[in-house]
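These protein sequence lines map, in sequence, to chains L and Y. With our numbering, letter number 224 in the first sequence gets 224, and the count goes up by one each step, no holes. With our numbering, letter number 327 in the second sequence gets 327, and the count goes up by one each step, no holes.
Calculated from the structure, these hints are not laboratory results. Check each hint, because a few of them may be wrong.
Pairs of lysine to aspartate or glutamate residues, derived as DMTMM-like cross-links and limited to a Cα-Cα distance of at most 25 angstroms, are as follows [stated by the list, open to error]:
hint	chain 1	residue 1	chain 2	residue 2
1	Y	55	L	83
2	Y	60	L	32
3	Y	55	L	258
4	Y	60	L	124
5	Y	76	L	83
6	Y	38	L	124
7	Y	55	L	120
8	Y	60	L	120
9	Y	94	L	124
10	Y	38	L	90
11	L	33	Y	93
12	L	84	Y	63
13	Y	76	L	120
14	L	84	Y	84
15	L	84	Y	204
16	L	33	Y	35
17	Y	60	L	43
18	Y	76	L	124
19	Y	415	Y	460
20	Y	38	L	116
21	Y	325	Y	240
22	Y	55	L	116
23	L	87	Y	63
24	Y	473	Y	204
25	Y	55	Y	84
26	Y	95	L	258
27	Y	226	Y	397
28	Y	475	Y	460
29	Y	55	L	124
30	L	198	L	124
31	L	87	Y	35
32	L	197	L	43
33	Y	473	Y	460
34	L	87	Y	84
35	Y	80	L	83
36	Y	94	L	32
37	Y	80	L	116
38	Y	60	L	90
39	Y	429	Y	397
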Amino acid sequence: MKKFFYFLFILSFGICILSCDESFDPYGTFMDKYVLNCIIRGDTTFQTATVTQDYQVLNLEPLSNSKDPNIYGTIIRIWNGNDKVAKMRDTTIQRQANDLYKTPYALYYTNNFQPESQSELQIEAILPNGKRLTSVTNTPSAVNMIYKECDLLIPAVLSTGSNDLIHYAWHSDQQNPVYIIRLSINYFKNENLNKIKKTMVIPLNYLQYNNSYLPNYAKPLNTGSYKVDMATITRAMQLISEGDPDKASYEIMGCVLEILSLDQNLSSYYNSTTRSNDLFSVKLNETDYSNIQGGYGIFGVYMKTYFVSYFRHQYLQTFGYTPGSDEGR
Amino acid sequence: MKIVKRICFFLFLFLLITSCEKEVFTGPPDEPPSENAKIFIQSNPSGAMIYYQNKYTGQKTPDTLTWLSSGNQTIKLLLKSFVDTSFVVPAEDKKITNVFVDYSLNPAQYGNLYCRSFPDGASIFLNGQEIGFKTPYTVTHYFPGDYKVKFTKSQCRADSTIAAVEASRTLTVYLPLEDTSKFVSYITTNSGIPDDYGRSIIIDRNNVKWVGSSAGVTSFDGQKWKFYDIGGTVLKLAFDKQFNIWAATTGGLYMYNGTTWINWTSKLPTYLVSDVICDDRGIIWIATALGLVKYDGVQWQVFNPQNSGVLDLDIHCLAAAPDGKLWYGTKGGIGTFDGIVWTYRTEMFTQISSVIGYNIKDINIDENENVWVVHGQHLYSPGGGGLTEYDGLKWTEIILSGLLTNEISSIDIDKNNYKWISTPHGLGKFLLPSNLKVFYNLGYRVLVRNVSASTVDNNEDLWFVTMGDGIVKIKKGNY
Numbered sequence: 001m002k003k004f005f006y007f008l009f010i011l012s013f014g015i016c017i018l019s020c021d022e023s024f025d026p027y028g029t030f031m032d033k034y035v036l037n038c039i040i041r042g043d044t045t046f047q048t049a050t051v052t053q054d055y056q057v058l059n060l061e062p063l064s065n066s067k068d069p070n071i072y073g074t075i076i077r078i079w080n081g082n083d084k085v086a087k088m089r090d091t092t093i094q095r096q097a098n099d100l101y102k103t104p105y106a107l108y109y110t111n112n113f114q115p116e117s118q119s120e121l122q123i124e125a126i127l128p129n130g131k132r133l134t135s136v137t138n139t140p141s142a143v144n145m146i147y148k149e150c151d152l153l154i155p156a157v158l159s160t161g162s163n164d165l166i167h168y169a170w171h172s173d174q175q176n177p178v179y180i181i182r183l184s185i186n187y188f189k190n191e192n193l194n195k196i197k198k199t200m201v202i203p204l205n206y207l208q209y210n211n212s213y214l215p216n217y218a219k220p221l222n223t224g225s226y227k228v229d230m231a232t233i234t235r236a237m238q239l240i241s242e243g244d245p246d247k248a249s250y251e252i253m254g255c256v257l258e259i260l261s262l263d264q265n266l267s268s269y270y271n272s273t274t275r276s277n278d279l280f281s282v283k284l285n286e287t288d289y290s291n292i293q294g295g296y297g298i299f300g301v302y303m304k305t306y307f308v309s310y311f312r313h314q315y316l317q318t319f320g321y322t323p324g325s326d327e328g329r
Numbered sequence: 001m002k003i004v005k006r007i008c009f010f011l012f013l014f015l016l017i018t019s020c021e022k023e024v025f026t027g028p029p030d031e032p033p034s035e036n037a038k039i040f041i042q043s044n045p046s047g048a049m050i051y052y053q054n055k056y057t058g059q060k061t062p063d064t065l066t067w068l069s070s071g072n073q074t075i076k077l078l079l080k081s082f083v084d085t086s087f088v089v090p091a092e093d094k095k096i097t098n099v100f101v102d103y104s105l106n107p108a109q110y111g112n113l114y115c116r117s118f119p120d121g122a123s124i125f126l127n128g129q130e131i132g133f134k135t136p137y138t139v140t141h142y143f144p145g146d147y148k149v150k151f152t153k154s155q156c157r158a159d160s161t162i163a164a165v166e167a168s169r170t171l172t173v174y175l176p177l178e179d180t181s182k183f184v185s186y187i188t189t190n191s192g193i194p195d196d197y198g199r200s201i202i203i204d205r206n207n208v209k210w211v212g213s214s215a216g217v218t219s220f221d222g223q224k225w226k227f228y229d230i231g232g233t234v235l236k237l238a239f240d241k242q243f244n245i246w247a248a249t250t251g252g253l254y255m256y257n258g259t260t261w262i263n264w265t266s267k268l269p270t271y272l273v274s275d276v277i278c279d280d281r282g283i284i285w286i287a288t289a290l291g292l293v294k295y296d297g298v299q300w301q302v303f304n305p306q307n308s309g310v311l312d313l314d315i316h317c318l319a320a321a322p323d324g325k326l327w328y329g330t331k332g333g334i335g336t337f338d339g340i341v342w343t344y345r346t347e348m349f350t351q352i353s354s355v356i357g358y359n360i361k362d363i364n365i366d367e368n369e370n371v372w373v374v375h376g377q378h379l380y381s382p383g384g385g386g387l388t389e390y391d392g393l394k395w396t397e398i399i400l401s402g403l404l405t406n407e408i409s410s411i412d413i414d415k416n417n418y419k420w421i422s423t424p425h426g427l428g429k430f431l432l433p434s435n436l437k438v439f440y441n442l443g444y445r446v447l448v449r450n451v452s453a454s455t456v457d458n459n460e461d462l463w464f465v466t467m468g469d470g471i472v473k474i475k476k477g478n479y
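If we strip away everything but chain L, and leave its shape as in the complex, we get:
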C-alpha cells in the first residue's frame, strides 16, 4: 500500500512539474498590427497615405529596431460616395544617409482626388497579406468668414496702441469643431534685381526670455475667433528685417490667415494629443487615438480657408518697408 502512495506521490509531482515545463516569454505572442495614416486635404487633388506595421525590439529602446516598418504593395482606395474612387499609386522616397532605416520610404499618393464638402469619405487599404484596414469620415462644413468682425486693415485704426487687437471671426455648421490657425506675413525681398517671396509666421505672442523673444504659437481652437495683439505683429514686422539696414528692399504684400477646419476624426485626434484637463497639467499618458478598423492610425480630412488683410501704408513706412499692395483693395 505504501508503495502505491509513493508511486502516486511521485507521479503527481512529476505531472505537476512536467506539465508546466515551458519557456516563459515576457512579451507574449507578438501579433502584427498595421497602421494606416491618411489626411485628406480639401484644397488640393494631391493626397498621400502611409502604411506601416508595428515591430518588436528585444530591449527597452524602440529605436534599436532596424527593420523598416513601411509596407510596400498595399492597395489603397479612397471613395467619395460610392461612385467617385481614387486608387493610390505607390512610390518611394530615398531616406537620408543618417536615417534609422536604409530602405526607401514607401508612400502612396493620388493626384486625382478632391473631396466634396459635407460628404462621406471611405478608405480601404488591402495589405499584401490580405489584411484589410478601413475607415470612414465626413468632410467638415465649410468655414465662412464673418467679414464685419474681421479686420481688413492692419492696424485696425491708425492711432493704435500696442495693446490693440486684430480680430478675425468665422462660423461653421460643424459640431465640436477644431481649427488650426496660421497667421503670416507675405513679403518679397529684393535681392540683386530678384524678388524672393518669403513668409513670416506671426505667433500668438512672443515670450521674452533673457534677451530673446520666443514665439508662442496658437494651439488648436474650438471657437470661431482669433485675436492677436499689435505688439506681436509689430515684433514680427521687426524680425523680418532684423539686422538688415536696407529696409526699403522689403516689399510687404499682406497678412494671410489660414484656417484649417478639421473633421471629427482629426478633431478627436488633436484633442487627444494637445488637450489636458487644465492649463497647469502636463499630459503624460500616451495617445492611442485611432479610427482605423482592423489596425491603427488616422483617417481624416481638413478644409482650408484663407483670409487676407492688408497693411496700412503709413504703418509699413514706420519700419521703412515698401508697400506691395493697395490698402484693402
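Could you slot chain Y onto chain L? The hints should help.
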C-alpha cells in the same frame, strides 16, 4: 485508509488542473488569416467599371478582384451607353473564379434609332452603308456606340451626324435637309471652302468660280474646291486680257497664270492693296494705300500727289469706262484719268445729299456708261452712306427705299445691266431703282446678310459671297 486515498486522488486531480493556470497574454486573440478568393472579370466590350458591394472599385474589365471572402459575391458592371449588369459569383478561398459578361448576348443591351428628315423620303445610311429604308423609319436592334447617320435626297443637300445609340432606348435623329432646288449655300462645314468670309467673286470663261476671302483664294469648278493660300486677306480679284487672275490683298499683289502665283508686291509702293482692275486696253491698274499704280505689261508706274493729279494717296477702288477713262475712289473723293488729264472732285456729294460722304467704297460702270458710286457714311451722319449715279452730266443720289440700310459695301453689274447691291442686310437687285428687289433670306438656314460681292455665272446662276455665311448660289430663274 479510504479517506486518505480519496484525499490523495482529489489532491492529484486539483494539482493536475490548477498547476498550469497562468496568464501570459491578455490581448485580443489573433485574427484568422484573410481569405483570398479572386474573381477575374472580363466583358465584351471591355472597359466596364467594376462595382463590388455597390462601390466602384476603380477597376475596369478585364481585371481581377482579390482578397474577397468565400461565398456568393455580388458584382455590378457599369458601361457607358449600356444598362447596368449585376450578377452573383460564388467565390472560393485561394481560387480564381472566371466571369465573362458578353453584352451582345443580352437583348436589353441593344437600342434603336428613329430617323427623321425634312422633307421625308431621304435614304438612310449608317456608317456608310445604305440600309434600304427611307425616312421616317426606326432602325432597331443596334449595339450601343457611335454611328454616322447620313440622309440623302434628290434636290436636297445630303446631311449627316453622329448618333450615340444607348441600350434599351430609342434615339431620334432629325436632320432638316437643305432644299437645293432653288439655291445652295456653301460654308466650311458642308464644302471645301477654307473660311466663311468672302470678299470678292469672279467667274472665268470655263465657268470656274474664283473667290477671294480672308483665308486666300478658292476656286470651284462645280465639283471640287481648290484653295490657294497666298497670304493676307484677298479684297478684290480681277482677270486680265490673258485670263490671268490678279488678287489685291492686305499683303500685296499677286497674279495667277494658271500654274503658279506670282508675287508683284515689290513693284508697289506698299503692300496694302485694295483693288485691281484691267481696262479694255489690257492695262492693269492697282489701288494702293500709297497711290495709284499702272502696269502695261512692261513697266510699272506709280502715281501720287508728287508726280500726278492724284490728290489723295489712299486709293480705295477703281473702275474702267469703255471710253478708256479710269475712275478711282479715295477716302476723300472721286477722280478720273483719261491718260492725260487728271480730275478730282469732293464737294458735290455734300451738295446733293446729307447722308452720303466723301469716302468712296466702290465704283462700277453700266452698259450705258453711267457711273455708279458706293459711298461710305457722311461724317456727320453715322450709319449713313448710299449710292450715287453720274450720267455724264450730273450727279444724282439714288434712293433705294426697299433696303433696310444705307450701308452698301459694293455694286456689281451683270451682263443684263442689272445692278446688284451688297449690304449687311440683304442683296438688292434693280434695273431701275424704282424696281428694287431685295433678298433677305432664302428659307431655312440661309440668311442673306453681310453680302460683300455678287456675280452671275455662265449658266446664269447668281453667286454672292458674304462675310460670315460663306458663299450662296441662287439658281437661274429664282432671282
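Tested hints:
For the suggested pair residue 55 of chain Y and residue 83 of chain L, the alpha carbons sit about 6 angstroms apart, so the restraint of at most 25 angstroms is met. A C-alpha spacing of about 33 angstroms is found between residue 60 of chain Y and residue 32 of chain L, which places the hinted pair above 25 angstroms, so the restraint is violated. Between the alpha carbons of residue 55 of chain Y and residue 258 of chain L the distance comes to roughly 35 angstroms, so the proposed pair goes past 25 angstroms and is violated. A hinted pair counts as satisfied when its Cα atoms are at most 25 angstroms apart, and residue 60 of chain Y with residue 124 of chain L qualifies at roughly 18 angstroms.
For the given pair, residue 76 of chain Y sits about 12 angstroms from residue 83 of chain L by alpha-carbon distance, which is consistent with the 25 angstroms threshold. Restraint check: the Cα-Cα separation between residue 38 of chain Y and residue 124 of chain L comes to about 17 angstroms, which is no more than 25 angstroms; the hinted pair holds. At roughly 13 angstroms between alpha-carbon atoms, residue 55 of chain Y and residue 120 of chain L fall within 25 angstroms of each other, so this suggested pair holds. Distance hint between residue 60 of chain Y and residue 120 of chain L is fulfilled; the C-alpha atoms sit about 23 angstroms from each other, no more than 25 angstroms.
Only pairs whose Cα atoms come within 25 angstroms are accepted, and residue 94 of chain Y paired with residue 124 of chain L is accepted, the gap being roughly 21 angstroms. Note on residue 38 of chain Y and residue 90 of chain L: the hinted pairing holds, with a Cα-Cα distance of about 22 angstroms set against a maximum of 25 angstroms. The suggested pairing of residue 33 of chain L with residue 93 of chain Y holds, with an alpha-carbon distance near 23 angstroms, which does not exceed 25 angstroms. Simply put, residue 84 of chain L and residue 63 of chain Y have alpha-carbon atoms about 18 angstroms apart, close enough for the 25 angstroms limit, and the pair holds.
For the hint pairing residue 76 of chain Y with residue 120 of chain L, the CA-to-CA distance comes to about 21 angstroms; that is within 25 angstroms, so the pair holds. Between residue 84 of chain L and residue 84 of chain Y the CA atoms are separated by roughly 17 angstroms; this keeps the pair inside 25 angstroms, and the hint holds. Annotation: proposed proximity of residue 84 of chain L to residue 204 of chain Y is violated, straight-line Cα distance about 63 angstroms (limit 25 angstroms). Our distance criterion of 25 angstroms between C-alpha atoms is met by residue 33 of chain L and residue 35 of chain Y, whose separation comes to about 18 angstroms.
Distance check on the hinted pair: residue 60 of chain Y and residue 43 of chain L sit about 28 angstroms apart at the alpha-carbon level, beyond 25 angstroms; violated. This hinted pair checks out: residue 76 of chain Y and residue 124 of chain L have alpha carbons roughly 19 angstroms apart, not beyond 25 angstroms. The straight-line distance between the Cα atoms of residue 415 of chain Y and residue 460 of chain Y is roughly 10 angstroms, inside the 25 angstroms bound, and the hint therefore holds. Between residue 38 of chain Y and residue 116 of chain L the alpha-carbon distance is near 32 angstroms, which puts this suggested pair outside the 25 angstroms criterion.
Between residue 325 of chain Y and residue 240 of chain Y the alpha-carbon distance is near 17 angstroms, which keeps this suggested pair within the 25 angstroms criterion. Between residue 55 of chain Y and residue 116 of chain L the alpha-carbon distance is near 17 angstroms, which keeps this suggested pair within the 25 angstroms criterion. Only pairs whose Cα atoms come within 25 angstroms are accepted, and residue 87 of chain L paired with residue 63 of chain Y is accepted, the gap being roughly 14 angstroms. Among the hinted pairs, residue 473 of chain Y with residue 204 of chain Y is consistent with the structure: their alpha-carbon atoms are about 16 angstroms apart, no more than 25 angstroms.
A C-alpha spacing of about 13 angstroms is found between residue 55 of chain Y and residue 84 of chain Y, which places the hinted pair at or below 25 angstroms, so the restraint holds. Of the supplied pair hints, the one linking residue 95 of chain Y and residue 258 of chain L is violated, its CA atoms being roughly 52 angstroms apart against a limit of 25 angstroms. Between residue 226 of chain Y and residue 397 of chain Y the alpha-carbon distance is near 41 angstroms, which puts this suggested pair outside the 25 angstroms criterion. A distance of roughly 8 angstroms separates the Cα atoms of residue 475 of chain Y and residue 460 of chain Y; the hinted pair therefore holds under the 25 angstroms criterion.
Annotation: proposed proximity of residue 55 of chain Y to residue 124 of chain L holds, straight-line Cα distance about 12 angstroms (limit 25 angstroms). With a C-alpha separation of about 39 angstroms, the suggested pairing of residue 198 of chain L with residue 124 of chain L is violated against the 25 angstroms cut-off. Of the pairs offered as hints, the one joining residue 87 of chain L and residue 35 of chain Y holds, with about 22 angstroms between alpha carbons and a cut-off of 25 angstroms not exceeded. With a C-alpha separation of about 21 angstroms, the suggested pair residue 197 of chain L and residue 43 of chain L falls inside the 25 angstroms cut-off, and the hint holds.
A distance of roughly 10 angstroms separates the Cα atoms of residue 473 of chain Y and residue 460 of chain Y; the hinted pair therefore holds under the 25 angstroms criterion. For the hint linking residue 87 of chain L to residue 84 of chain Y, the alpha-carbon distance of about 22 angstroms falls within 25 angstroms, and the restraint holds. A C-alpha spacing of about 14 angstroms is found between residue 80 of chain Y and residue 83 of chain L, which places the hinted pair at or below 25 angstroms, so the restraint holds. The straight-line distance between the Cα atoms of residue 94 of chain Y and residue 32 of chain L is roughly 22 angstroms, inside the 25 angstroms bound, and the hint therefore holds.
For a cut-off of 25 angstroms, the pair hint linking residue 80 of chain Y to residue 116 of chain L stands: about 24 angstroms separates their Cα positions. Straight-line distance between C-alpha atoms of residue 60 of chain Y and residue 90 of chain L comes to about 19 angstroms, which keeps the hinted pair within the 25 angstroms bound. Of the pairs offered as hints, the one joining residue 429 of chain Y and residue 397 of chain Y holds, with about 17 angstroms between alpha carbons and a cut-off of 25 angstroms not exceeded.
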